[in-house]
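2 protein chains.
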Amino acid sequence: MSLQRLTALRALMASQPSALAAYIVPTADAHNSEYISPVDARREWLSGFTGSAGTAVVTSANALVWTDGRYYTQFEKEADLTTWTLMKQSLPETPSMEKWLASNLLAGSIVGVDPKTMTREEWTPLQMALTKAKMQLVAVDKNLVDQARVQLNEPPPERPHNVIMHLPLQYTGKTAGQKITELREAMAEKKSSALVVTALDEIAYTLNLRGSDIDYNPVFFSYLLITPTSVVLFWHLGQIPEGVAASLRDEGVEIEGKPYDEIVPTLRRFARELSENGDGEHSIWLSGEASEAIHRAASGEGYLKKPLNLVSEVSPVALAKLIKNDVELEGFRQCHIRDGIAVVRFFRWLHSQVDAGNNITEIQAADKLLEFRKDEKDFMGPSFETIPGAGENGAIIHYSPSRDGPQRDIRSKDMFLLDSGGQYKDGTTDITRTRHMGQPERLQQDSFTRVLKGQIAVGSALYPKGVKGNVLDSLARKALWDVGLDYAHGTGHGVGHFLNVHEGPAGVSWRPYPHDPGLKPGQILSNEPGYYKVGEYGIRHEDLVETIAVTKDTKHHRAAGLLGDYDGRGVLGFNTITLVPHHKMCISEELLTDFELNYLNAYHERVFQTLGPILMERRLREDYVWLEKECSPIMRA
Amino acid sequence: MSLQRLTALRALMASQPSALAAYIVPTADAHNSEYISPVDARREWLSGFTGSAGTAVVTSANALVWTDGRYYTQFEKEADLTTWTLMKQSLPETPSMEKWLASNLLAGSIVGVDPKTMTREEWTPLQMALTKAKMQLVAVDKNLVDQARVQLNEPPPERPHNVIMHLPLQYTGKTAGQKITELREAMAEKKSSALVVTALDEIAYTLNLRGSDIDYNPVFFSYLLITPTSVVLFWHLGQIPEGVAASLRDEGVEIEGKPYDEIVPTLRRFARELSENGDGEHSIWLSGEASEAIHRAASGEGYLKKPLNLVSEVSPVALAKLIKNDVELEGFRQCHIRDGIAVVRFFRWLHSQVDAGNNITEIQAADKLLEFRKDEKDFMGPSFETIPGAGENGAIIHYSPSRDGPQRDIRSKDMFLLDSGGQYKDGTTDITRTRHMGQPERLQQDSFTRVLKGQIAVGSALYPKGVKGNVLDSLARKALWDVGLDYAHGTGHGVGHFLNVHEGPAGVSWRPYPHDPGLKPGQILSNEPGYYKVGEYGIRHEDLVETIAVTKDTKHHRAAGLLGDYDGRGVLGFNTITLVPHHKMCISEELLTDFELNYLNAYHERVFQTLGPILMERRLREDYVWLEKECSPIMRA
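Line by line, the protein sequences are chains A and B. Residue numbering for the first sequence follows the numbering used here, starting at 38 and increasing by one per position. Residue numbering for the second sequence follows the numbering used here, starting at 38 and increasing by one per position.
What the hints contain is simulated information worked out from the structure, not anything from laboratory work. A few of these clues could be false.
Intra- or inter-copy, both count: the list cannot distinguish identical chains.
Unchecked claim - SDA-like, lysine to any residue: derived pairs with alpha carbons at most 25 Å apart:
#	residue 1	residue 2
1	211	555
2	505	542
3	169	158
4	462	283
5	414	643
6	169	325
Use the sequences and the hints to build the structure in full.
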């Protein structure tokens, strides 16, 4: 089947006005979304590979996918390896896509891509690399994969346009009107006569609206155009539901609706107007992560004689929503209490089932966890697909079990890694706990404890305000590195407020986050070191933490010891908001320093003091007793 | 005086064919040298500021210098603050030079700079930023500061062209012929018909020659042009001394000499030839850190109708000399033994003088240290200007006492920071030790120990092969960060082999080193965390370390505990080659973990076992006894 699809695509490539030597199929949709809707799952349809990251390149002779270490195993399971080649992009010896194209195509070749599916920041260097190799990168406006789907009678599904909800001020803490006023101030400073917001979570954030067009991400397909005098939402057929419009009016925003597809012609008209009647100083502002197609429309490239200069840099909305306000932060703390209750109840239940000898599959476990979360106030759904990795499946970093075919039971000899999260109206959770269902081995305890030491090192770290998140990454790895172990993913990502569970532009990784503006109080990050023994088990401990300013008076483990404030730069630390105990049976306390042991015991006490009374109040006595035991202090032997 | 110089420069700016709204005076010479010769000290002559880093910008109304945190105090001492403004570039609120120019000059302004004093990598983004602000960056070929000096009857001194020495194979480990063969292989791969080497240390390395044209750096002013069939050295008047030519012939290189100033016309001829008779595929290769002037000559910009594409990227010579060969590594180890002897003898002497109540000034101390180094075989001179910081002067990161005016004695209540190094034929040293001349205070011990913990964290670290040096930076800072302290410099720099004491392209810092190719065995790095209490004292512990591959069998503190090799990536660690004890009186052993205490005791034992027999053999009994005491193990109370 894969070959048939490839053949159809290759025929379309050959039939372009200038035949394409290669066609690139990125993962992204037109909004550079991390998770995509089935209508945009072009690379998946073409290659069979369902991973959330990866870029396909098709030539007449080759079909390749570049993806990273999280997906190698999955790719080899899902793709037809007689036609598809995996390019392991984490390996230094793997050529980048640019290099591969440059050295495998003839000079003069034309490489095509749908400019809606590639950001300007990706397009420009690729174009430069190909130009250097005497090749050409061309924008193919009509997506060839979509055309192949139609030809093969497997047309893409309709683009969803589900109902939009307004998120009240009690959850958001700031009116849409206020947000837009602040954006307009930034626009005035940049001499921008328009701001184009293309990232779906940024639109949802700006307007205090939420949708459900993409699984797990409460967003809706749209574009937002803000000018000094208007706010235009490009959505579906353009008619904004009166309830939504009224809510926005209450928040000080008069919203104008236009059809989703009108964004390009509107920008073109705007650009022409600016070019003809502008003062030569004002321009259009959009994110460098907006698509090449949107950039072209906004600059007038291809239809204005002299295309406009654009302000193309990190979106001001991304920078605004990075720093959570007090209401959002309190919401994060509150939903983590409720989420902690659900996860604690789940683990108590799972242990009781496994101990009783009942067969529980990974999917049954995920379903049961969802049930517990549904008991919690303001729960809106999972924040991503639950990763219930029993035994060897725990070593697959983005594992998701299939509902078809044979099911994997969670057995008493399994290490069990559970990564899951919830969307709540007051915040988003993302937690991983790893528990052994029976008796862990010595080496498992050793690496479990080293991962925990890494998590504590980050969770308890103090660091100067303004440093980028990546300086914290090796603190998380040190205890593993000391014995030759590591993990092939970053240590932390930003998290949206009842928005995307992965949120830029900051993060904690050995890779620099180019747009990280430096850490400031009020950010939410994950803290998730891990260790994976392929074919045997996986370990990950993931908390969400908030960045807080620390002075001598702050409630923080290191506050009392402060001797300075980094010469006036200011001290930052973390407050861990995830509240679920770690599996003590898996901890080698002799590997913990006194500081780490005290830190862990204090954390467990806080978990119990916070969740215990709620369990008691709800008369969940068995859960209460279980949690009390799980949170009792570790004593040195 | 400064005003008179500025006035002369401003008159020249106004008299250019297109009057300059601003003129930029970078620190660099035409070879992007870190240390420069007096002939190139243009910014210093103009502003009075002698720091090794900083860029001056002169407009009709302003005169500013951008420099970093190491030099704020020095700038305010040296520059005339009634005419000059310090731009503290380490502060986030300070606009970059680009931003300042863009917002302080009128649209249409012309900004000039001598293209020999700016690298292409600096030129291109500056040009883009100015173009965006509707200004123009123009290359002013005849340096305006040099012209002003002539006008004011203070002409720049002659460019030095001191004698060149050949460094025999017993020191270099690889013939110049072999090095050039390898470079030609790389050129063939890049389809380069010429490689232009512009960095002075790269030329010295390639040809196994050393000079003395720049203080502390054993280099000579020259350019090197390598083609598949020729090796041309542009030096002085072009006549290569027969001894040098003969040595090179012995190493398989037939060297051709041309006058130093012939580089630009030669490149222009070469470019024209390539443009007219080339195959369209081959081009000229130079480092992105070569000057804009050299880039223009090599591309034909300004005189060829269609300028050539260049290969402008990290120099292959920089990458080659980054990895030291076995002979170079053994030389490094050996010269560190001799250097350790000198530094140990010095400290014994200094303590005895201070204890006896003799007044020793900082400069006398530096001179005495030089005497001890001169006793050592193959010593060629200091590798940089000694930093002998007593008390408050220790907090000035690049301190150098003046020989004029009142002198600072090293007193018994002083913390004394001594940063110094030697050039030896078999390697280069760079060591900082901090000692208290009497009884340190509690807080001094605390921060001394935290700096030491940072140094041990890096020195004992294991990490995957191929990670960039900057991932190690926060390991060095953690013990300080934990209590709100930090230091305003990087943790480590590369070191040349009897070459520049600061050598790229790798390093350990929170700032990424963009050309760091990832750590591999055989590199030499410094490991130098610090802490500075302005107005009181400075603490820095600096070792040089070599990167080594670590397996279970390696002599390394963590070898026995290895559980993996990072999934095949390979394990790296460090071998510390600096051999001078730390001042035990300044160490709070209760802040050290058992691992750290054992590590330190083992290091001290190694120092004593290595240096002790040499002192004994030389009948330096007092030094031996002192060293034995200094290296005796620290016991827990």
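Of the numbered hints stated previously, which ones are contradicted by the structure, given in increasing order?
As far as the earlier hints go, not one is violated by this structure.
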